[in-house]
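K.L.:
Okay, here's what each chain looks like letter by letter:
Protein chains: 2
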Amino acid sequence: MPTNYTETEQQFLEFLKEIQSYNEAIDVMYWDLRTKAPKKGAKQRSETIGMLSHKVHQMSTSEKMKGFINELKGNTQNEIIHKSVLECEKEYERNAKIPDEEFKKYVVLQSEAETVWEEAREKADFEMFRPYLEQLVEYNIKFAEYWGYEENRYDALLDMFEPGVTVKMLDEVFPALRDSLTPLIEKVQQSEHKPDTSRILVPFAKEKQEAFSLDILKEMGYDFDAGRLDETVHPFMIPLNRNDTRVTTRYDEQDFRMAVFGTIHEGGHALYEQNLSEALTGTPLATGTSNGIHESQSLFWETYVARSKAFWNCYFDTLKAYAPESIGTLSVEQFYRAVNEVKPSFIRIEADEMTYPLHIMVRYELEKGLINQEIDVKDLPKLWNDKMEEYLGIRPENNKEGVLQDVHWAGGSFGYFPSYALGYMYGAQFFYAMNKEFNVQDAIQNGELYRIKSWLTENIHQYGKLKEPLEILRDVTGEDLNADYLVRYLEDKYKDIYQW
Amino acid sequence: MPTNYTETEQQFLEFLKEIQSYNEAIDVMYWDLRTKAPKKGAKQRSETIGMLSHKVHQMSTSEKMKGFINELKGNTQNEIIHKSVLECEKEYERNAKIPDEEFKKYVVLQSEAETVWEEAREKADFEMFRPYLEQLVEYNIKFAEYWGYEENRYDALLDMFEPGVTVKMLDEVFPALRDSLTPLIEKVQQSEHKPDTSRILVPFAKEKQEAFSLDILKEMGYDFDAGRLDETVHPFMIPLNRNDTRVTTRYDEQDFRMAVFGTIHEGGHALYEQNLSEALTGTPLATGTSNGIHESQSLFWETYVARSKAFWNCYFDTLKAYAPESIGTLSVEQFYRAVNEVKPSFIRIEADEMTYPLHIMVRYELEKGLINQEIDVKDLPKLWNDKMEEYLGIRPENNKEGVLQDVHWAGGSFGYFPSYALGYMYGAQFFYAMNKEFNVQDAIQNGELYRIKSWLTENIHQYGKLKEPLEILRDVTGEDLNADYLVRYLEDKYKDIYQW
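Order-wise, the sequence lines are chains A and B.
FYI, the numbering for the first sequence is 667 to 1166, going by my numbering.
FYI, the numbering for the second sequence is 667 to 1166, going by my numbering.
Just so you know, the hints here were simulated from the structure itself, not pulled from any lab data.
Misleading hints may appear alongside valid ones.
It does not matter which identical chain is meant; a pair holds if it fits inside one copy or across any two.
Restricting the straight-line Cα-Cα distance to at most 30 Å, the calculated cross-link-like pairs of lysine-lysine (DSS-like) are [to be verified]:
#, residue 1, residue 2
1, K749, K732
2, K721, K756
3, K1133, K706
4, K975, K730
5, K709, K1119
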């Protein structure tokens, strides 16, 4: 890559750096608000974050930005500049196509809707939330029309979260995946060798959970000189930059799984951001390439690594030492089986790895229908419950454990949910690709987690947004999206656990 | 106060709020950098803070700001707007008078000088730091000339930290104070009843020091819903806003005084900011009125309250419970005397309350001489040591414990030091004024610290910058600056401790 920039390139990089500075300030304040900030300061802090976010929006859609795009597009020798221009153009076009007044109203609506949703969810009262959701759907339909699409209106929304993935692809891969999962879930349910989870839902001191979480983050290669672990209510990972990428977690003293698997999950996200190429710093390319690929990294560590038998063969003694009286009384086999219980349940974020993709499919079918005006908002609660019954064999008793459980729609995010299932599938594909180079289970069992991190960095992390999600997938696996690997992984694993 | 603003007033307030938002973002990042941030992220964070600080500087000196000042000055019915305009004008004029190029060079010099100073101090090598200090003095002379003054060039610098206070005033009050302190210090030194500090320099677990510090902050009325206590290297208080004002401290397990008195000191600063009138929020008036008045608040709590016998009569049992094996073996009398040892020493920040003002006078004499070109930088080390010998009777053996000990000059702050001594004197004046309304020692002994906080809030805190420092002093005490109260306080207290 050339190190000499033209004057315009230099100015463009300076401008990007300024945007990045605002974003960093916003992210520090957000992190602070979610982990440390005293409660009385929250309102003012939110306003400050709003003010700076507006500034970033203004800069991303400014005449100055437009000028850089026009001047540099197709007119730079530098790949990072070139891809950054394309990224900025995408953002610019997306924003420029929405009339200013509409965008402002939408921002207010989002914020109101989230507040109403919180209360509606608590009361399991869909009618309270319905008028907001109707408007949110309407706006998203309009936006999709502004942005344009080739085949399906929903593609315009999908593109925000997973560029390159389309309804056409999902409509092939999801039904196939479902057809494979359904018989597996039936086998699990018919099995007479069910794990006993009561033995792991035992007292586990918070400080001990934290100590184990820190141990494992270190083992994963998470760099504590470029990050930290804090407590919060709804855990998240936040990348201020590659040298400061923080994870948060939540402790439940009666259920260590929340903190341990949660920390590993967020740690997987964090490794992606910590190991971006330094050359991308300050540009919009310096982050994970998509929600789906990001999720493939967190899930890789959470499930393919940390829910494996090899992992606990290696680390169970460490865990036991932190809770000798409770967890310490189990055999590694009992423990491994218990943390891998499969059981259809209502709440997505509590779902096991086998039923999880079905939760996503329910949401995908419904939001695709809403955006294409084939479904009415008023019919959602019933349709949700019908789908849950059809896909998972259980029917929610109220809307709190049904259609109102997720914040995504209240926040205006339509097209986001598929990323979660894509992450599972990508992750399985990466897992099998990695296994061609070395025996992953052996590496885990030997405590050589650094080999996994190195492979992921070399093949995925370093590129940031230099490569598109499906480009990464093809470069790494030689294949397009393929659910077979996930199915193969689940079948191999669970036939052992449930002994069918 | 009117609640209806004119359109210009409204726009002015919006503009101020935007500046305040940037400052809040800067402060959160600064706090984070000093307490929580992983080390690899520090460089990028500093750049981000620099970028936003530049933004604030630009806004404060913008044509837009100038427009507001011109339009609103002498043309508003609202007192807060009026005083805010004057505050903004002062800042505008101060900045506008320095040529842009010079200011930029000065900022770079400051930053370089601090780095060089750190190394020079470590090596006790004044010659290494000398060229930077010479330039810093030169710049400050130039700036003082740009800004203008009536009698003494140093007044232009003093005005930045303590508006209203002049060389003329200090040249009256400081020698008088010194003349009173010298015989007291002699009496202390001749006393045969010296406290035994070895009994308090004993092991004290960090968590226990923290627990006691939190107890006392609560007793003082520090609002933890609008603040928090964290650990850092060089303790500070930072007011993000009145609803989020944070204190930091440092723990030494062999010397609890650092954390306990340090936390109370910073807590005193914090009470000032937490108890500003809400009406000032978002304006430049929403902070302490000057360095000296701010220091009077921190010192009030640290010395007049927390080093008093009444305080330990009330709280010594609480402290003992946290260190029963060590501190717990002392009587309250032994303890009280030990934390009030008077002993001339080289390092200002470790000085006792009687010798502290002399440390300040040394610095004041020297920097006044530098700015008035009566002293050459090259002669500073010798002059420093001479003055120390003359004022305190001890001569530093090297420049690390002499002229190189403080960061202030390296950071370009000339005229700042007097604030510390002013804070002591103001504090004593407030203490005697408070005593006219209720018996302060009795209140302390009864654990009624809230009465002290209420009095300070009513008389000082609420006004922020609505009143000038000497205006506050006169309104509260009916007098101008008067060192007699400090002398009376010290004499009364120490003749008891040293039994002369």
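K.L.:
Run every hint past the structure and note whether it holds.
P.N.:
Comparing the hints with the structure gives:
no.: 1; hint: K749 <-> K732; verdict: within (15 Å within a copy, 42 Å between copies)
no.: 2; hint: K721 <-> K756; verdict: both (18 Å within a copy, 28 Å between copies)
no.: 3; hint: K1133 <-> K706; verdict: between (43 Å within a copy, 26 Å between copies)
no.: 4; hint: K975 <-> K730; verdict: neither (55 Å within a copy, 66 Å between copies)
no.: 5; hint: K709 <-> K1119; verdict: between (40 Å within a copy, 26 Å between copies)
Against the hints set out earlier in the document, a violation occurs for number 4 only.
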